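Sequence order for the protein chains is A and B.
For the first sequence, the working numbering gives the first residue as 1145, with consecutive numbering after it.
For the second sequence, the working numbering gives the first residue as 791, with consecutive numbering after it.
I should point out that these hints are in silico values taken from the structure, not numbers from a laboratory.
Being a predicted model, the structure only gives us computed values, none of them experimental.
No more than 20 Å apart at the CA atoms, straight line, and that leaves these computed lysine-lysine pairs for PhoX-like:
id, chain 1, residue 1, chain 2, residue 2
1, A, K1367, B, K867
2, A, K1282, A, K1292
3, A, K1312, B, K867
4, B, K836, A, K1363
5, A, K1218, A, K1154
6, A, K1190, A, K1267
7, A, K1312, B, K858
8, B, K858, A, K1309
9, A, K1309, B, K867
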Amino acid sequence: MARHSELAEKNEQLKILNGGIFEAGELPYFKDKIGLTGHFPLRPKKLEIFQVNVGYMCNQVCEHCHVDAGPDRKEIMTRETMQYCLDVIRNTGAHTLDLTGGAPEMNPDFRWFVEEAAKAGIKDFIVRSNLTVIRANKKYHDLPEFFKKHNVHVVSSMPHYTRGKTDKQRGDGVFDKSIKALQELNAVGYGMPDSDLKLDLVYNPSGAFLPGDQIAMEKDFKKALKEDFDIQFHNLFAITNLPISRFLDYLIASENYEDYMYALVEAYNPMAIENVMCTNTISVSWDGWLYDCDFNQMLDLKVASKIKHIKDYNEDLLNDRDIIISQHCYGCTAGAGSSCQGTVA
Amino acid sequence: MANSYYDPADLRKFGKITEWSEEIGTKFFDYYGKVFEEGALSAREKSLIALAVAHVVKCPYCIDAYTKDGLQKGITKEEMMEAVHAGAAIESGATLVHGVQMMNKYNKLSM
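Let the sequences and hints guide you as you build the complete structure.
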């Protein structure tokens, strides 16, 4: 079961993020921090990434999940909303389409949506797959071939190259299933050194600490996965866990919240604010609402624009807005920065 | 005043030592930062050395800092524990090797 704690309630989360050590003045509000370098209000640049969350249903219940996804989540994008998205995808200036979830493959219209979207000729078509879904049920076993057929760029979560750390974060048995799924993706050509079939991995820290250097981690992952399992992949994206939803719940329950916020604020990198993903991304929720990013989506902070829904989409009007920020945004500006595409600075 | 000699929150204030002696404090932090950069040893290897030394010098701040640093660098708990044992072995060995001095003195004083 997904853990629908009190903290999953969005207002409660925002109250925590705006109160406590920030309200007491121990740490600066994000708007004040970015204001020091003239970045407030934060404004979009050219739209590059159109990200669609096709539903919160997932076969896993990961401890760090900012979506609070799980098998019991009923929020699933309908074909009608997908149709609105396709209309946008065919006309957008964005070069990347990024499908996420939950496990996007569990949406009953997922394959239809991929087939239709692939025809739009978008340059980089990403599907964020949790890997285990490929092994979860017979009906998903052919996903590697399906992805290949539509030249999908597969981005998969892999918290560590050891069984213990992976299973602790993502559940028992996840490591073995993920390894098998990666081998199957390799078998059809994904992730091989000269292959156009892109396979990237996402690393999230399995606890209350920030990710290490992305390049060093990639080197360690590549060496271990190749030596131990003969697995290859292209790039590793190191993504910081943002203090929202299930991860915020964990931080508070484990009494790590204040230390974690201090660590994020101390690691603030003014270079990262230049390239945070909300400046080049639009995030669409399962029910068609528009957000500055997937994290704001989970906090139900809809875009500050009169264009708020996919059915009214207008890229020029939408780009003329202020991005909504709160203290969770420190997660994207810490260290080398963090985005759905890894580091940004 | 705190009612304990060690307060975990003091670790966050480490940087403030420069406020009372800016020049040498800054030089220390520059040196410290440089030491832990990638070099002939990787930053990962240096982090494990720091963790072992942290235990030997029994610095609770350093233990917290380099356990977290190890996690950030993807170092496993088995690697961390082996590093602690390496430090402990040297420390206990350093005690035990003095046993030779005891043996020498014993033999010298005995008929």
